[in-house]
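**Q** Read top to bottom, the protein sequences are chains A and B. Per my numbering, residue 427 is the first one in the first sequence, and the count goes up by one each step. Per my numbering, residue 17 is the first one in the second sequence, and the count goes up by one each step.
A portion of the hints provided could be inaccurate.
Derived EDC-like pairs: lysine to aspartate or glutamate, alpha-carbon spacing no greater than 20 Å straight-line [claimed, not checked]:
#: 1; chain 1: B; residue 1: 350; chain 2: B; residue 2: 366
#: 2; chain 1: A; residue 1: 826; chain 2: B; residue 2: 135
#: 3; chain 1: B; residue 1: 350; chain 2: A; residue 2: 732
#: 4; chain 1: B; residue 1: 351; chain 2: A; residue 2: 968
#: 5; chain 1: A; residue 1: 781; chain 2: A; residue 2: 647
#: 6; chain 1: A; residue 1: 826; chain 2: B; residue 2: 142
#: 7; chain 1: A; residue 1: 808; chain 2: A; residue 2: 847
Anything over 10 Å on all C-beta distances counts as not near chain A; from chain B, calculated [stated by the list, open to error]:
#: 8; residue: 121
#: 9; residue: 169
#: 10; residue: 677
To give an idea of the chain A side of the interface with chain B (calculated C-beta under 7 Å), a few residues [stated by the list, open to error]:
#: 11; residue: 438
#: 12; residue: 447
#: 13; residue: 610
#: 14; residue: 848
#: 15; residue: 856
#: 16; residue: 961
Please keep in mind that the hints were generated in silico from the structure rather than gathered at the bench. Backbone N, C-alpha and C define an ideal beta-carbon position, used for all residues, glycine too.
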Amino acid sequence: MTSLAAPARVDPILVDVFWTRLTSLVNAQDVAMRRSAFSPIVREAADCSIGIFDTRGNLVVQAVTSGAQGQIFGLPAALQHALRRYPLDQLAPGDVLITNEPYSNSGHQYDVTVITPVFAGDRPVAIYASVAHVGDIGGLPAMSVQGKDVFEGGLILPVLKLYSRGVRNDDVYRIIESNVRLPVDVIGDINAMVGATEVGSRRLVEFLTEVGLGSIEPIADEIFLRCERAMRAAIAAVPDGTYEGTLDTDGIDEPIRLAVRIDVRGDEMSLDFSGTSPISRFSMNVPFTFTRAYATYAVKCALTPEIPNNQGSLRSLRISAPDGCILNAKSPAGVAMRHVLGQLVPDAVLSALAKALPGRVIGQSIGGVWFQSVSSLTGASKPFQTSWLAAGGMGARPNKDGLHCVGFPTALLTVSTEVIEHLSPLRFRRREMLVDSGGPGRFRGGCGQLNTFEVTGDAPVVFLTSADRLRFPPQGIIGGRPGGHGRLSTSTGPLRSKEPVVLEPGVVVDMYLPGGGGYGDPRERDRDLVAEDVLDGFVSRDAAEHDYGVRLDAAIQSSEGGDADKHRSGGQVADMRRVSET
Amino acid sequence: MKAGTSSVAGYQTPDRRFVIGSDIGGTFTDVVLLDVVTGSVRVGKILTTPDDPSAAVAQAIQELLAAHGVPDGSAVRTVLHATTLAANAIIERKGPRTGLLATDGFTDAIEIRDESRYDPFDLFLEMPSPLVPRRLRRGVVERTQPDGTVSLALDRSQAGAQLEALRDAGVEAVAVSLLHSYANPQNERALALLAREILPHAEISLSSEVVPEIREYPRTSTTIANVYVQRLMADYLQRLRERLERLGIDAELLVMQSNGGVCTVETACRFPVRVVESGPAAGALGASYHARQTGRSDLLAFDMGGTTAKAAVIASGEPRRATEFEVARIWRFKKGSGIPLKTPVVDLVEIGAGGGSISYVDGVGRLRVGPESAGSRPGPACYGQGGTAPTVTDADLLLGYLDPHFFLGGKLTLDVDAATRAISRHVAAPLGLDVFEAAWGIHKLVNETMAGALLTAATESGLDVRALPICAFGGAGPVHSDGIGRILRAPEFFVPPFAGVASALGLLSAPIKFDFVRSAMRRLRELDWSTVTRAYAEMEDEARMMMSAAGLPGEQVSFQRSADLRYAGQGYELETPLELEQGREGVASAFRRTYVQAYGREMPDVPVEVVNWRVAAVGITPTLPRGSGDATSAMTASDKHDAALKGRRPTFSGVKRAFEDTPVYDRYSLSPGRSIAGPAIVEERESTTLVGEGATAHVDDFANLVVRL
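This is chain A alone, in the form it adopts within the complex (with noise of 0.2 Å):
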């Protein structure tokens, strides 16, 4: 085992107020940028993330509630190669720098990077950095998968600086004005994100002033300490041994293969990627960067979920992926939609662990969630752009059944129907939870949804999904049954995915989200919540008898009018009594 030897002691309730108040500072600046950044899918969605960091570019902390963990881990990587272009001895005062090229930032374009070196006087004191995905950055249209190259996935960013000594600088303004589809929003979300840095920083430097201290990095080597200690002793309880998972699902032509293989050795643990599919000639390539931020995530989740994320709870993995696959991606491969596969790395990384931590995985999820974009012909009468998330089911828990609609591993936030109504031409006909799309299990994974909306108005609308889980369903664990599987449709035939389809008027699409992974054996299941089930409409009758082998009495059926808990006893069926009573 490494032995960590312990630093001149540093007062230990200074190093908690320090954390908290740095904490509460990165927080306050993650509202402001959201709450004035335009993108919906940054706004609305949370997909975007700040951190602060000291001045060797070690993450110290970072906002709590960003949704995105791509760039939550992105962020770092994405520091540490703008400090290589310009080292923070050649920046000054009033310096903000703008980048976001793909292989060093969270993995493709539209996630731009700014990042604001924090000064008290003319000495650097720490960097904030945030990061958004703003709604578009050029190239081929809503992260499309056609692109044959990187190039064709947008305007790139080598590290500039946006504003020079406090001097904005047009010209790169106009570089981004002149090379994206909605200029007014991706300025305004850069602004936000210029603004949140620009406040945040006046505030650490007053904190400091404060506290009397002129760096960060003592206490910052503290916390990391803390937290390399406190993922050390976690990994080390988990059993040495090799653990090996893998995970098949869509492509586009083919499909593709994520294995990964985990070593666990005393307080180490390393997570290798190879045994996975090769690059492809389509956009959905995942550099390094985005790959290790979800990897690291899944570990996250599964050994210390309450250890806030720095760089000192990272010291003690090592994550690596062979040149050449799928999920390390080099220039020129194409990334635009990297997304779909990088977030189904936590997956397999779970189902790898299934055996070492059994108590402390969960069941497949949607992986990364549905982004729909829809937009206008060029030329059309009535202009319009607009996107939304749409979540499938949770893997179900060790402990407790999957929750419904939600992203997993991110954790963005959709936009609701009436909203999307009035700013497009779509009309919904259903958003409703699927029967049956749970995966069976001791506990049921979380059931995904249906989305049926039709096209109105007089003209063709530019249609894409990044729909994924079409032909391998998330699967089960610890002998749980996979959930549904994804499908689309339209009502004039087949619907691809993650490219663009020109739709006409009068178009009925159906977009079913798969059902999250079940845990354990279902014919476990306590039979009371399968019949709670039945009488909800998560599981239909049928399923009840064929995967969980519980065959339910016709008092049941005479409940779907609604008396049926009157023949029954058992858990929440006690609670509505009560409910009913009162």
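Chain B: place on chain A using the hints.
**A** Below, chain B alone, put in the same frame as chain A:
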């Protein structure tokens, strides 16, 4: 009418000289009695009676009237009431079996929610189960378009069958929430008629009446909550009225709403969801009253009790409002783990930390405080009721901030040894600190947590927290405000008189208030302006009718118009005060000003979009007499030189990291104008104020204890 006059606006009749405010809390029911002729205020506090909260209210009123020689309940003109009944009914799921009728295909909106997981790392998190289970949610065939056009009229026979199914399932309350009903309530109204035929005894709420706003999930959730508590509220208010009548009180009864105004019993019964945050709103209202009285227009109201703390931003003498909040958070008070209610509310931040919050050292060796609380049973270790977990109160005791023999005025003797054992074992030993350093850590860290929440709250409302004084109340508020104020760089904090019954007192300053809203998502420049003036005319006509029914003539009603605006493309609206006379351009420029204030920079070329038009109709705000009653009479009785100095005791100085001898003063013996230099302790029956080093405290003309930091 100005502050400082000797009568209370609107309450001039000498033979009906008393106004009562009553607030029911989790532990205590507080009552205050105001004599509008002399201006004197009397307070009473008794234990809450959870089975029938009206019992404690009536008893407390009876005791207070008797103690102050009021012979006859008929001398009471008005009873103002704040109640947690609605919130508790939702938290404890006490409502009747409730059904939902929604547009076919959209009955799951309340279970699909916004699809978020509020804690991305917690694989075990839970969502609140919907108040209406899926088996009691039924779809009806109908459709309204975003512009209000009914494209499919209600299918009465299909809807009738669904209603019969709900009836057969024993449903006693029905929420109706159809897509785009905010734009046209026609189908909801048709459905209501049908529902009343088929379920004649059920309560029925329509989303187009409860909350006619865009976004189906919060609208449906709010409508369900409304109908869910409707009968409980009606029964409760009926019982309360009967109890008051038995005391000879035939006064008008007004109920505090979440929005910071009161309403009639009839409105409270029709829209009980509007009174969910009744008590905390009254507290914030009290703080804003003190703000106006003392000429502080902006401040933070900070109420720290046993389990949680609540904070509100007061701007221009009024509590900041929000249009949505969550009730019944089920997972560590986390935002996202509750049921969203879309109703105007005093914007309260709830923080899972109070005097009873438990401190521990987590797996990373990090000191943590809360959100788990020792509650009132067993309570902090020092209560001597068997609690062994170290709490914030235990830390405050060890640090010398609390007097073990003067807690609740001496009603409860605190066990210092038990507190020492708890902190030693669970905090000091694991961190390798001495027990006092550990206690200081707990005190300091809970201050950081509170300050962090206040900072986020201020950011969410677009304010700079640093310029804001803090109005501290609640049992634990005044002992932590020095530390919190310093973190936030607040200029000062003050503790109003009767800080222990702040909500009940706040009620006395509550105006009658009704909120109205119309959703109309559209760009300002594309708007037909006549539709706006028409919407306001309609809303204000309805307001005048409701006000007149509540006994308020038109000239006593004022209107506060605002709109939820944003730049086209944004997802969050900013509530912007309006001057309609300035027309479209005036509205746009008011928004741009508000936006710059909130976010620092504007977007000059982006069109402005409206989401909701709002108006609040507000009656006259009662003006209370300046500090008088129990507090000032005590003050005059002992207005001698050092009568206020009760003694000295060692308290822990965070700066020196050591104990130092500290004077202890009796708050109500301090004469106005007297100045005390920190460090000092100022004690009163229900709370203790810590005045830190370098701060100075004085009592102002309104009996507030003001601490300049």
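**Q** Please flag the earlier hints that this structure goes against, numbers listed from lowest up.
**A** Checked against the structure, the hints that fail are numbers 4, 5, 8, while the rest are satisfied.
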